[in-house]
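In order, the protein sequence lines correspond to chains P and Z. Residue 115 in numbering that gives the first Met the number 0 is what sits at position 116 of the first sequence, and the numbering runs on without skipping anything. Residue 138 in numbering that gives the first Met the number 0 is what sits at position 139 of the second sequence, and the numbering runs on without skipping anything.
Since the hints were derived computationally from the structure, they do not count as laboratory data. The structure presented is a predicted model; accordingly, all values stated were derived computationally and were not measured. Fair warning: there could be bad hints in the mix.
Note: identical chains are not told apart, hence a pair may lie in one copy or across any two.
[Claimed, not checked] List time: in silico DSS-like cross-link candidates among lysine-lysine, alpha-carbon distance up to 25 Å: (1) K90 x K233; (2) K90 x K235; (3) K312 x K90; (4) K159 x K235; (5) K327 x K90; (6) K149 x K90; (7) K327 x K352; (8) K233 x K159; (9) K169 x K52; (10) K289 x K363; (11) K52 x K24; (12) K169 x K24; (13) K204 x K169.
2 protein chains.
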Amino acid sequence: MNDQLIVNLGDRSYPIFIGENLLQKPSCFDPYISASQIVIVTNETVAPLYLHKLMATLKHYQPETIVLADGEQYKTLETANQVYTRLLQLKANRTITLIALGGGVIGDITGFVAATYQRGVNFIQVPTTLLSQVDSSVGGKTGVNHSLGKNMIGAFYQPKCVVADISTLKTLEPRQFSSGLAEVIKYGLIRDYSFSQWLQDHMQKLLDLDAPSLMTAVRRSCENKAAVVADDEKEKGQRALLNLGHTFGHAIETATHYKSWLHGEAIAAGMFMAARLSCDLGWINEADVKWAENQLLAANLPVRPPQNITTEKFLALMSVDKKVLDNKLRLVLLKALGSAVVTDSFGMPVLEKLLDSIERISEKEWVR
Amino acid sequence: MNDQLIVNLGDRSYPIFIGENLLQKPSCFDPYISASQIVIVTNETVAPLYLHKLMATLKHYQPETIVLADGEQYKTLETANQVYTRLLQLKANRTITLIALGGGVIGDITGFVAATYQRGVNFIQVPTTLLSQVDSSVGGKTGVNHSLGKNMIGAFYQPKCVVADISTLKTLEPRQFSSGLAEVIKYGLIRDYSFSQWLQDHMQKLLDLDAPSLMTAVRRSCENKAAVVADDEKEKGQRALLNLGHTFGHAIETATHYKSWLHGEAIAAGMFMAARLSCDLGWINEADVKWAENQLLAANLPVRPPQNITTEKFLALMSVDKKVLDNKLRLVLLKALGSAVVTDSFGMPVLEKLLDSIERISEKEWVR
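Can you make the complete structure from the sequences, with help from the hints?
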C-alpha cells in the first residue's frame, strides 16, 4: 500500500512517496539516482535497524555508507566537514547522489552537505521518524547548528524525492512518536479544520500505528506543508504560519537546553499557549482552546510549560525569535480552528498576563 | 566615468558597475542594501588601502567590519566559521547585507557565508583585483577549499550587485595584474575574436593602467562571461568553455602547490598548450598559435609549463579534473581564434606527444 504526492516548486518539484515497506522498493529510488555512485548517510541508532534493508534494495549501486553519531549535539559544521572528507576520500564527483536515512538531524546535515559539496549534488531523503516525515521532508530547509544559535548555518535545497516509509515508525520510542504528532496536530489547527476533525477521531489509531491512519496523517501533513511552502519557498511571509507554538516552544527548548523537552513537546505546550492567548484576545472561544488541548493530551503531549521559566525569562528568550521585525515580537495566533495569522497586534500586556497566569508543570507530570 | 552591464539570470539578475572611484559612489550601493545593518568583509592587505573609503561612503549604515588574513590558504571552512561567529555576535539577522571588499578569495568566502548564513542573506561584491573583476564577479560561484581539494565546498549564489572600481587596480602588483590579463585574453580566444583583436592593439595601454582601456577590458570580459553563464548557470555544459587552459593550468597549480605560480600564470601556459594541441590536431594553424602566444607574452605571462612536471605527472593530475566524465578526459580546445569547444576527441597519443615535446621553463625565465 502506498501513496504519492508532488511538492510543486517549478523545476525543483519532487515527489514524496508514503507507504509501508518502501525501503524495499527500488522504484522509489532508481528514477531519482542520476549516476551510479551513491552514498548513504545515517546514524548509529538507525543503521542497525534499517541500513541493511536499504543496502539490499540499492545493492547494484554498491553504496558507500557514512554512519554518524546520533543526536542534535552532532548537528554541527564539524560533522558536515567529516562528511565532506569522506566524500572526497571516496572521490565522489558532482554526479553522486546522497541518501539521508534517519530523522531530522540526519536529513538536515545531509541536505546541507548536498547543497554545498562541489556546489550542489543530488540527494534523497528517507525520513525514519514521524517528525521528519511530516515536517522536515517538505520545505528544503537544510543546515547545521552553531554554538551561538540553532540552524544558523544552512541553505534552502530541495531533494530529488522523499521516501516516507511508515514501517520505520514501529521502532520509534513513544515519546518521539508523540513529538511528531504535535506537528501533525499543528497542520489541522493552522489551516485544515477538516483534518483536525479527522484527527479527533483517529488519534488512538495513530498511537496504535494503524497503517492506513498513519498514511493519511503523513499525507495530509505533507500536503498542508507543501501548499504553504509552494507559496513561499524562501520564507518571506506566509511560511511563518507553520510556526504555530514555535516562539513559545523555542523558548522552552532553549531554557531546557534542548535536553529534557523534545521539540514536539515544547511546541505542544507552545500551541496551547498560543490558543490560550488567541482566546484571551477574543479571537477564539473556550471550546476551541479545549479542542486543541484535548487533542494534544490525546497524543500524550504536555500542554503547559515547565516550572523553571518565569515570565521575564520567556519574554527575553522570545525576543530573539527570527520572526522579530523592527524589534516587534510577532506571534502565530488562531483566528479560528483551522485558521492562523502572523501578527504583532496582540498587545504586550495581554501576553504578559498569560505568561504570569499560566500554570507550570514539572517534568514528572508530562513524562507519562 | 562609469559603465554598467546586467547579468541576466531571471529573478537573480544583477548589475555590474564598472568605473573609476566607484568606492566613493553611494548610488552603486544604496539601492542594493535592503536593511540598515551591513558588514564589510575584507583582508589585512586591502583594509589599509580601501576600507576607509568604503566606510566613508556607507557611514550612515554604521558598517561593522571583519578583517581576515590574506591568502588562499585561509579560504577554508574554519575562516567561514569565524565569519559566522562574528555575525552571530553582532546579532546579524536575515536582513543583513554582506559586502565583500577584496580579491577572489574574499569574494568566494563572503559569498559562501552569504549563501549559508541563516539560509541566505544579501551580498554585494567589490572586487579589487583584475582577476576578480573579470572572472569571479560574474557567475555566482562561491566556496572554500578543503584540505583534499580546491573549491570542493560551496554554492551557486548571486550577489545583489558588483562594483568593479578600476581605481583599485593602481595598487595591484604587476604580476597579479598580469595574472588577471590571462583571463581577459581567454575571453577573446574562446568566443570573441574582435575583442582579441582589440587586445592586440591595447595591451600596452592596459599595462599602463589607461582608464578607458581598462574599462573596456573589464566590460567586454564580464559581458562574455555573463553571456556564457546566462545560458548555463549551474555549469551543466557550455560553461565549461570558460576553462580554456584550466585543465593544464590546474595541473600546474597543483604540482607547484599553489605557491610559485599564480592562477593566471598557470592558465596562460595552459592556454598556450591548448592552442598548440589544437594546432597539432589541424584545427587551427601556426599563425593562430603565434597570435595567442604573442598576446600572452605581451601581457608578461609565461607560455610554457614549469620544469618539474613530467608527462606522467601532467596526465595523472589532469585525470582528476571536474570535466572528466566516465573516465574520459575532456579539454577545451580551439576550432579557430574566438571559437572554443569542449571535447574528448583529441586522441590521447596526440596529447602525450604534446606533453613529451613541449619545452619546460624555470621560474627565473618567466618571473620578469
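These are the hints, each one checked on the structure:
| no. | hint | in the structure |
| --- | --- | --- |
| 1 | K90 x K233 | between (32 Å within a copy, 21 Å between copies) |
| 2 | K90 x K235 | between (38 Å within a copy, 19 Å between copies) |
| 3 | K312 x K90 | between (49 Å within a copy, 19 Å between copies) |
| 4 | K159 x K235 | both (23 Å within a copy, 17 Å between copies) |
| 5 | K327 x K90 | between (49 Å within a copy, 15 Å between copies) |
| 6 | K149 x K90 | between (31 Å within a copy, 13 Å between copies) |
| 7 | K327 x K352 | within (18 Å within a copy, 70 Å between copies) |
| 8 | K233 x K159 | both (18 Å within a copy, 16 Å between copies) |
| 9 | K169 x K52 | within (15 Å within a copy, 63 Å between copies) |
| 10 | K289 x K363 | within (23 Å within a copy, 84 Å between copies) |
| 11 | K52 x K24 | within (10 Å within a copy, 62 Å between copies) |
| 12 | K169 x K24 | within (18 Å within a copy, 63 Å between copies) |
| 13 | K204 x K169 | within (13 Å within a copy, 74 Å between copies) |
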